[in-house]
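Asks: One line per chain: the protein sequences are H and C, in this order.
Just so you know, we're using the working numbering here: the first sequence kicks off at 1 and counts up by one.
Just so you know, we're using the working numbering here: the second sequence kicks off at 154 and counts up by one.
A couple of the hints might just be wrong.
Claimed, not checked - To spell it out: a stretch of chain C is covered by chain H in this simulated footprint if at least three of its residues, at any positions, have a beta carbon under 8 Å from a beta carbon of chain H; those stretches are:
#1 182-196
#2 227-234
#3 246-252
Keep in mind that the hints were calculated from the coordinates and are not lab data.
Using N, Cα and C, we set each Cβ at its ideal position, and we do this for glycine too.
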Amino acid sequence: MKRVEIKLNIGAVAPLLDVIKQAADDLRQNLAIRATFPEEDSEFNETWTQELLAGQNSDVRELLGLFGKDFFADGAIAIDSHNGDSLLRGCSALRIQILTRWLHGIPADLLEDEDVPPESIADAVRVPFAAYAFLDQVQKIILEHLDPLAEEA
Amino acid sequence: MSAGEAKTKKTPHAAFAAQTARAELWRVVVLNDPVNRMSYVVMVLRRVFGLAEERARKHMLEVHETGRSVLWSGTREQAEAYVFALQQWHLTAVVQADGTAA
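Working from the sequences, and respecting the hints, build out all of it.
Replies: Put into C-alpha cells, the structure is as follows:
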C-alpha cells in the first residue's frame with residue numbers, strides 16, 4: 001500500500017483550518033454542487049440528494065480527521081490508498097464551497113494560477129484563498145504520488 | 154457506494170416514464186466547472202468510464218474549451234448511474250435525451 005506523509009507548518013495551517021471547518025459546516029446540509037436530476041420525481045430526487053450528501057459528509061469528515069490531535073502534536077498528515085479517494089472528493093467539495101462563499105469575486109485566471117502573489121488577493125479573502133490553494137495542493141500530491149487509478153488497472 | 158443506489162425508490166409514474174424512455178438513447182454530458190484541476194477531472198473520467206488517459210484528456214479539454222462534452226450515450230438507466238457517479242466526485246453532469254431511437 002502506498003503511503004505519503006506530509007509535514008506541515010502548524011502555525012501556517014491552523015488559520016486555514018478555521019476556514020475549512022466553516023466550509024465543512026456549510027456543507028453538512030448542502031451539496032457543494034447543486035445536483036441535477038434525470039427524473040421529475042421528488043421522492044427519487046430526494047433519495048438521490050441524500051445519498052450524495054451522505055457521501056460528501058463522509059468524505060469531508062475523513063479530511064477533517066487528518067487535522068486532529070496528532071496533527072497538532074507533530075504537524076504531519078498521512079495519506080494512503082485507503083483514504084485517498086475520500087480525501088480527493090473531500091478537497092473538491094470544500095474548494096467548491098470556499099469558492100462559493102468567499103472567492104466568487106476573484107477572476108478565474110487568478111484562481112487557476114498556482115503562483116499568485118499574495119498582494120494580488122484582497123486582504124479580506126486572503127486566508128480563504130490560501131485554504132483553497134492548500135486543498136488544491138493536497139489533491140495534487142494524492143494524484144501525483146498515490147496513483148488513484150492503480151486499483152482499477 | 155454504487156452509482157445506482159439512489160435509484161431504489163421509483164414511483165409507478167417514474168417507472169412508466171422509464172419504460173417509455175427505454176426506446177431512446179440518452180447522453181451523459183459533463184459541464185465545465187471553475188474549481189476542479191484538470192488532472193482531477195481526467196482521473197475521474199478514467200475512473201467512472203474506464204477511459205484511456207488520452208481519451209479522458211481529450212474530453213477534459215473539450216469541457217474546458219467549449220463548456221461541455223458528451224461522454225457516453227445509451228440506456229437511460231445507465232446514463233443516470235454515470236451521472237450519479239460523476240456527481241459523487243463533484244463534477245457537474247446531466248442526462249440528456251439525444252433524440253435518436255435505439
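Asks: With reference to the structure, classify each hint as holding or not holding.
Replies: Hints, one by one, checked against the model:
Closer than 8 Å: that is the beta-carbon criterion, and the stretch 182-196 of chain C has 8 residues meeting it against chain H, so the requirement of 3 holds. Counting residues of the stretch 227-234 of chain C whose C-beta lies closer than 8 Å to any C-beta of chain H gives 3; at least three are required, and the coverage claim holds. With 3 residues having a Cβ less than 8 Å from any Cβ of chain H, the stretch 246-252 of chain C passes the three-residue criterion, so the hint holds.
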